[in-house]
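Please put together the full structure from these sequences, using the hints given.
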Amino acid sequence: GGYMQSPGGFGSPAGTQAEKKQRIRSQNIVPCTVSQLLAAEQVDETFRIHDVEISQVTVMGIIRHAEKAPTNILYKVDDMTAAPMDVRQWVDTDEAGGENVVVPPGTYVKVAGHLRSFQNKKSLVAFKIMPLENMNEFTTHILEIVNAHMIIRKNLLSASRVPQSFSSTGIGDMGGYGGGSSLPVNGLTAHQSQVLNLIKNCPVPEGMSLQELKAQLHNMSMPTIKQAVEFLSSEGHIYSTVDDDHYKSTDAE
Amino acid sequence: MGDVHEVPRRRIATGHLAQNIGKPVCFVGRVEKIHPTGKFFVLSDGEGKHTTVELNEPLDEEISGVIEVVGRVTNQATIMCMSYVQFREDKSPFDLELYNEALKIIHEFRDYFPFG
Chain Z
1 GGYMQSPGGF GSPAGTQAEK KQRIRSQNIV PCTVSQLLAA EQVDETFRIH
51 DVEISQVTVM GIIRHAEKAP TNILYKVDDM TAAPMDVRQW VDTDEAGGEN
101 VVVPPGTYVK VAGHLRSFQN KKSLVAFKIM PLENMNEFTT HILEIVNAHM
151 IIRKNLLSAS RVPQSFSSTG IGDMGGYGGG SSLPVNGLTA HQSQVLNLIK
201 NCPVPEGMSL QELKAQLHNM SMPTIKQAVE FLSSEGHIYS TVDDDHYKST
251 DAE
Chain E
1 MGDVHEVPRR RIATGHLAQN IGKPVCFVGR VEKIHPTGKF FVLSDGEGKH
51 TTVELNEPLD EEISGVIEVV GRVTNQATIM CMSYVQFRED KSPFDLELYN
101 EALKIIHEFR DYFPFG
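For the protein sequence lines, the chains are Z and E, in the order given. Numbering-wise (full-length UniProt numbering), the first sequence opens with residue 1 and increments by one. Numbering-wise (full-length UniProt numbering), the second sequence opens with residue 1 and increments by one.
Derived by calculation from the structure, the hints in this document are not laboratory data. Be aware that a few hints might be false.
[Stated by the list, open to error] In silico contact screen, one side only, chain E against chain Z (beta carbon under 10 Å); selected entries:
1) 11
2) 26
3) 62
[To be verified] Within a straight-line C-alpha distance of at most 20 Å, the following computed SDA-like cross-link-like pairs (lysine to any residue) qualify:
4) 110/Z x 94/E
5) 121/Z x 5/E
6) 121/Z x 6/E
7) 23/E x 94/E
8) 121/Z x 115/E
9) 91/E x 136/Z
10) 121/Z x 84/Z
11) 23/E x 6/E
12) 76/Z x 15/E
13) 110/Z x 131/Z
14) 128/Z x 101/Z
All C-beta atoms in this analysis are idealised placements derived from N, C-alpha and C, irrespective of residue type, glycine included.
The structure is reproduced here in structure tokens:
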């Protein structure tokens, strides 16, 4: 699945640029493990993971326990990373039937909700609980958790404070997994950045040739280099000069 | 022994049994065979490697397809099962090989998928 992206600018009173930069907020729904939610730090009314404010989260796990009360259903959802977490779903007491169906224990579900803490105990208030019909979604969720939390950590470390989308296409752009940091930063993968930097720093008028790139980039195969060059060229970072084997950077250095 | 469902249970494949002796784990695999006594069964992981799962009480139902077992790894590198659940495959088959690849990632990037 994808993530809900709330539009930038909540209509809150405008702070100064500096104040805005202090508060790195995730505007998306962040997929998390129960263990990550339990470890989230609470500062006043907000929760932080890796120093990024989180509020809306998704978890996937199996229902261990379900208890129906007049106004809410209390589930215990277990994703194996910690003890099962309390998930409360408020029930619309005016609605008959449909909304108030309790999901039975032993069912794998996807929960979307808000993190809460009361008397030092964390729980979720769910606005959506959906049984999984396709267990491959669970595998995807595991990968999306790693992806999202890596991006959160990278955003924190990089100069850019712009919240990024946590969609899995971020990792999908990679030509094969393996070797070096494969996460895109500023839109370029590590391989693409390396190739671009070499081309940028080449002083020769006809630019850098593919052979020269191969000679300098010991860790990259020629097909990988060609892939990077093709991408950079189509994005407008570089252009070919005397022939298709020579490239210069479009950036005036 | 304590309730193994209240603690973190690392998701593992057959290759990880040796490093997790005595620890609570979660193992997902396909049913290969069930012993006639119903007291143990064999699951294969996403790489086709087999793990033996032992039960305190014999199975009281037929199991098949993909099973997720929660239990503790014994000294013999089998899993003593505390509970199990069958993954539903009525709408789509479960890609066990892909799950195995995901395990490699969560083990490599344990900072971003913490157990406990």
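Evaluated hints:
no. : hint          : verdict
1   : 11            : holds (6 Å)
2   : 26            : holds (5 Å)
3   : 62            : violated (17 Å)
4   : 110/Z x 94/E  : holds (17 Å)
5   : 121/Z x 5/E   : holds (18 Å)
6   : 121/Z x 6/E   : holds (15 Å)
7   : 23/E x 94/E   : violated (26 Å)
8   : 121/Z x 115/E : holds (19 Å)
9   : 91/E x 136/Z  : holds (11 Å)
10  : 121/Z x 84/Z  : holds (12 Å)
11  : 23/E x 6/E    : holds (13 Å)
12  : 76/Z x 15/E   : violated (31 Å)
13  : 110/Z x 131/Z : holds (6 Å)
14  : 128/Z x 101/Z : holds (13 Å)
The structure fails to meet hints 3, 7, 12 from the earlier list, while all remaining hints are met.
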